[in-house]
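Colleague: Using the sequences plus the hints, can you model the full thing?
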Amino acid sequence: MSAISPLRVRRLLRKELRQMFRDPRMKRIVFIAPVIQLVAFGYAVNTDIRDTKTFVIDHDRSAASRELLEVVEATGYFRIAGRSERPADLVRALDYGKAEVGIEIPAGFSRDLASGRGARLQVILDGTNSNTATVAQGYLTYIVQGFARGRAAAAGALPSGGVDARVRAWYNPDLESRVYNVPGVIGMLILLMSLLLTSMSVVREREMGTLDQLTVSPLSAAELMLGKTLPATLVAFIDLFLVTALAILWFHVPMRGSFLDLLPAALLYILCGLAFGLLISSVSRTQQEAFMTMFLVLLPAIILSGFFYPISSMPEIFQWITVLNPVRHFLEIVRAIFLKGAGIADLWVQYAALTVMATGAMSLAIVRFRRSMAM
Amino acid sequence: MPEAVRVNELTRKFGDFTAVDRVSFVVERGEIFGFLGPNGAGKTTTIKMLTGLLRPTSGSARVAGFDVGREIDQVKLNIGYMSQLFSLYHDLTVLENIQLFAGLYGVGNDRFADRRDWVLEMAQLAGHQDRLTGELPLGVKQRLALGCAVLHEPPILFLDEPTSGVDPISRRNFWDLIYGFAASGTTVFVSTHYMEEAEYCHRVAVMNRGRIIALDRPRSLKAAIQEPVLEVTTAAAPRALEVLRDAPGVIEVTMFGRAVHAMVEDQAAAERQIPEILAAAGHSVESIRPIEPSLEDVFVSFVHRSGGTLAE
Chain C
1 MSAISPLRVR
11 RLLRKELRQM
21 FRDPRMKRIV
31 FIAPVIQLVA
41 FGYAVNTDIR
51 DTKTFVIDHD
61 RSAASRELLE
71 VVEATGYFRI
81 AGRSERPADL
91 VRALDYGKAE
101 VGIEIPAGFS
111 RDLASGRGAR
121 LQVILDGTNS
131 NTATVAQGYL
141 TYIVQGFARG
151 RAAAAGALPS
161 GGVDARVRAW
171 YNPDLESRVY
181 NVPGVIGMLI
191 LLMSLLLTSM
201 SVVREREMGT
211 LDQLTVSPLS
221 AAELMLGKTL
231 PATLVAFIDL
241 FLVTALAILW
251 FHVPMRGSFL
261 DLLPAALLYI
271 LCGLAFGLLI
281 SSVSRTQQEA
291 FMTMFLVLLP
301 AIILSGFFYP
311 ISSMPEIFQW
321 ITVLNPVRHF
331 LEIVRAIFLK
341 GAGIADLWVQ
351 YAALTVMATG
361 AMSLAIVRFR
371 RSMAM
Chain R
376 MPEAVRVNEL
386 TRKFGDFTAV
396 DRVSFVVERG
406 EIFGFLGPNG
416 AGKTTTIKML
426 TGLLRPTSGS
436 ARVAGFDVGR
446 EIDQVKLNIG
456 YMSQLFSLYH
466 DLTVLENIQL
476 FAGLYGVGND
486 RFADRRDWVL
496 EMAQLAGHQD
506 RLTGELPLGV
516 KQRLALGCAV
526 LHEPPILFLD
536 EPTSGVDPIS
546 RRNFWDLIYG
556 FAASGTTVFV
566 STHYMEEAEY
576 CHRVAVMNRG
586 RIIALDRPRS
596 LKAAIQEPVL
606 EVTTAAAPRA
616 LEVLRDAPGV
626 IEVTMFGRAV
636 HAMVEDQAAA
646 ERQIPEILAA
656 AGHSVESIRP
666 IEPSLEDVFV
676 SFVHRSGGTL
686 AE
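From first to last, the protein sequence lines are chains C and R. Here the working numbering is used: the first residue of the first sequence is 1, the next is one more, and so on. Here the working numbering is used: the first residue of the second sequence is 376, the next is one more, and so on.
Hints listed in this document are in silico derivations from the structure and should not be mistaken for laboratory results. Do not rely on the hints blindly, as some may be mistaken.
Restraint ranges, calculated between C-beta atoms of paired labels, are given here [claimed, not checked]:
| id | chain 1 | residue 1 | chain 2 | residue 2 | range |
| --- | --- | --- | --- | --- | --- |
| 1 | C | R368 | R | D542 | 39 to 45 Å |
| 2 | R | T432 | C | W348 | 49 to 55 Å |
| 3 | C | R368 | R | T432 | 19 to 25 Å |
| 4 | C | S363 | R | K388 | 30 to 36 Å |
| 5 | C | W348 | R | H503 | 56 to 62 Å |
Pairs of lysine to any residue residues, derived as SDA-like cross-links and limited to a Cα-Cα distance of at most 25 Å, are as follows [stated by the list, open to error]:
| id | chain 1 | residue 1 | chain 2 | residue 2 |
| --- | --- | --- | --- | --- |
| 6 | R | K597 | R | E403 |
| 7 | C | K27 | R | H465 |
| 8 | C | K27 | R | D466 |
| 9 | C | K27 | R | L470 |
| 10 | C | K27 | R | Q474 |
| 11 | C | K53 | C | S84 |
| 12 | C | K340 | C | I302 |
Pulled a few chain R residues facing chain C out of the computed Cβ check, cut under 7 Å [stated by the list, open to error]:
| id | residue |
| --- | --- |
| 13 | T426 |
| 14 | L428 |
| 15 | K451 |
| 16 | L452 |
| 17 | Y456 |
| 18 | L460 |
| 19 | S462 |
| 20 | D466 |
| 21 | L475 |
| 22 | G478 |
| 23 | L479 |
Note that the structure is predicted; figures quoted are calculated from it, not measured. Don't be surprised by glycine CBs; every beta carbon is placed ideally from N, CA and C.
Modeller: Pasting the structure below:
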């Protein structure tokens with residue numbers, strides 16, 4: 001194999017960058033799409049609940065029941081959307097989606113509360129959206145318990161023997177899903193960019209016939225790989241800076257660790273993306289084929305990364321599979337650096353895993369790519 | 376000095392299909408060597424093996440004295456290649472394409488300005504170097520592609536159906552360029568399915584179904600035809616062709632402009648029978664006369680002689 005010629009690589013790089021920045025569609029993909037995704041995940045994909053429509057049946061109609069409902073509404077998590085005395089109205093409200101939560105306060109609620117024996121009330125949840133239902137249930141339980149404690153203390157009664165749990169969430173005290181989601185978007189975007197740019201650019205040349213023109217020239221497979229992967233690396237890093245800046249300045253995601261610790265992880269992670277991109281491009285004949293293959297890789301990689309669904313609640317076999325997923329390790333690193341202020345020393349397991357995967361995937365890609373070039 | 380190209384029993388299979396079947400030939404330096412045959416005859420596959428784009432299944436080939444299997448890096452330094460796709464980057468300007476290919480072929484800064492000006496002039500693009508390549512007319516694009524393929528002044532040039540889809544005037548101009556290269560000592564290896572283009576070559580290899588069925592100078596190929604060829608003019612040539620296709624004593628019929636060329640077994644008998652057969656089918660013959668065979672007739676004759684049928 002001949003040595004790598006700086007002239008050839010330089011000219012190829014210049015050509016790649018020109019093509020990339022001349023194509024308006026490419027510019028949108030590279031610079032606008034990340035911002036849109038970040039905003040979408042920062043604002044729209046919000047797993048917190050707010051102003052949840054609540055229907056109330058108050059059989060007690062006492063000062064205590066009114067006070068409880070005021071407290072519930074004052075939290076901002078619930079908004080009372082309707083009241084009635086007939087339980088059938090509650091059922092209808094849930095059926096027609098006019099309410100997602102129903103609270104039924106039985107007659108004698110205030111009497112039971114005052115007696116200290118403990119009062120009961122019924123909560124009915126629309127379980128269609130299990131996420132909202134679970135969160136609403138948790139908040140309601142928390143609010144009602146707090147209310148009961150407050151009443152008991154005001155009445156001068158001794159605290160009951162029940163467990164008084166005071167929950168504090170570390171690293172994200174307000175449990176804002178945005179703080180958790182936005183660093184995750186960084187991982188997703190970088191993967192998308194490095195995969196997309198490499199897989200598409202090689203296949204496009206194959207489709208246009210220009211790959212043959214490059215193959216008959218003295219350009220070696222190694223030089224062509226450099227020419228294809230360096231621009232993608234550059235774009236992935238530009239997106240990393242762009243999205244990190246937005247996350248910190250716009251979404252106020254705390255950056256407790258060091259950005260410098262993030263860079264080596266990003267490089268290893270990008271190498272994984274480039275390697276898979278090259279593999280896809282060496283097995284695909286058309287851009288469409290490459291695009292479909294890319295999504296077949298991308299979707300499971302994201303679903304099995306802990307981005308949307310916690311890994312700890314996956315079946316055990318899938319938990320093992322996620323160990324082989326670079327996205328999982330990178331997300332752990334990003335979140336730990338952003339939210340916990342962790343450094344390389346704390347995260348050496350994840351860095352090591354990424355190093356192994358990047359090396360392995362790249363070696364495989366080089367072998368496969370060279371073979372597909374040589375026919 | 377070795378020959379420009381020496382091919383020995385070269386074969387390429389795709390699964391069960393043999394695209395190129397034990398082909399052997401030699402191309403001398405400075406020669407314009409034509410590869411003639413219908414689509415699917417194996418011309419492109421052969422050129423791809425000679426330029427390192429495909430690996431031969433068996434057999435061997437040397438280009439500029441280097442083995443295409445083991446010494447492909449040296450082969451690449453000695454050849455220029457242009458295909459029917461005119462593989463330029465449409466989203467780059469004329470100058471950017473020239474810069475890229477100059478860089479790939481190691482044309483350094485000392486030679487670049489000269490070569491760039493030469494290509495711009497040859498492609499008639501002086502003053503248009505900042506235009507996007509995709510906006511150029513096909514004929515101009517084709518000349519630019521040729522220019523980019525010879526920026527490094529290769530001793531051997533491979534052209535794979537370089538003129539397909541281009542108008543006749545552009546084709547004529549393109550062949551003037553090819554003559555120019557050959558005159559300055561470049562070996563030109565060109566494939567085509569236009570018969571009249573093959574007449575411009577020094578020697579022609581006729582290919583059908585993966586095999587070379589004839590190889591000689593165009594004039595000698597025509598002289599080697601034993602079967603007489605008659606030109607038949609009627610009012611409705613396509614229908615007359617259908618009638619004559621299965622007529623006794625007729626070997627092969629082809630359309631030639633508004634006339635029908637019929638290759639026959641016996642000239643005197645055919646001159647008598649053909650008007651009768653056509654008259655019976657309701658066609659009157661305007662003229663019938665023996666002609667000198669064209670390369671197309673040569674092709675038909677050699678396919679017939681090798682006992683085969685046309686590819687496609």
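Colleague: Each hint: holds or not?
Modeller: Each hint tested on the structure:
1. Taking 39 to 45 Å as the suggested C-beta distance range, the pair C/R368 and R/D542 conforms, at roughly 43 Å.
2. Evaluation of the 49 to 55 Å hint for R/T432 and C/W348 yields a pass: the beta carbon distance comes to about 51 Å.
3. In this structure the supplied range 19 to 25 Å holds for C/R368 paired with R/T432, their Cβ-Cβ distance being about 22 Å.
4. As the Cβ distance of C/S363 to R/K388 is approximately 31 Å, the hint placing it in 30 to 36 Å holds.
5. Checked against the given bound of 56 to 62 Å, the beta carbons of C/W348 and R/H503, roughly 59 Å apart, stay inside it.
6. A C-alpha spacing of about 22 Å is found between R/K597 and R/E403, which places the hinted pair at or below 25 Å, so the restraint holds.
7. For the hint linking C/K27 to R/H465, the alpha-carbon distance of about 18 Å falls within 25 Å, and the restraint holds.
8. Under the criterion of a C-alpha separation no larger than 25 Å, the hint pairing C/K27 with R/D466 is consistent with the structure, at around 14 Å.
9. For a cut-off of 25 Å, the pair hint linking C/K27 to R/L470 stands: about 23 Å separates their Cα positions.
10. For a cut-off of 25 Å, the pair hint linking C/K27 to R/Q474 stands: about 24 Å separates their Cα positions.
11. Our distance criterion of 25 Å between C-alpha atoms is met by C/K53 and C/S84, whose separation comes to about 14 Å.
12. Under the criterion of a C-alpha separation no larger than 25 Å, the hint pairing C/K340 with C/I302 is consistent with the structure, at around 22 Å.
13. The beta carbon of R/T426 is positioned within 7 Å of a beta carbon in chain C (closest approach about 5 Å), and the interface hint is therefore held.
14. Evaluation of the R/L428 hint against chain C yields a held restraint, the C-beta minimum of about 6 Å falling below 7 Å.
15. Contact between R/K451 and chain C, as hinted, is supported at the beta carbon level, the nearest pair being about 5 Å apart and thus within 7 Å.
16. Using the Cβ-Cβ criterion of 7 Å, the hint placing R/L452 at the interface with chain C is satisfied: the shortest such distance is roughly 6 Å.
17. The beta carbon of R/Y456 comes within 4 Å of a beta carbon in chain C, closer than 7 Å, and the hint placing it at the interface holds.
18. At a threshold of 7 Å, the smallest CB-CB gap from R/L460 to chain C is about 4 Å, leaving the interface hint in force.
19. Interface hint status for R/S462: upheld, as the beta-carbon distance to the closest one in chain C is roughly 4 Å, under 7 Å.
20. Here the hint on R/D466 is kept, as its CB sits about 5 Å from the closest CB of chain C, short of 7 Å.
21. Satisfaction of the interface hint for R/L475 is found here, the shortest Cβ-Cβ separation to chain C being roughly 5 Å, below the 7 Å cut-off.
22. This hint holds: R/G478 has a C-beta 3 Å from the nearest C-beta of chain C, less than the 7 Å allowed.
23. Using the Cβ-Cβ criterion of 7 Å, the hint placing R/L479 at the interface with chain C is satisfied: the shortest such distance is roughly 4 Å.
In summary, the structure agrees with every hint in the numbered list given earlier.
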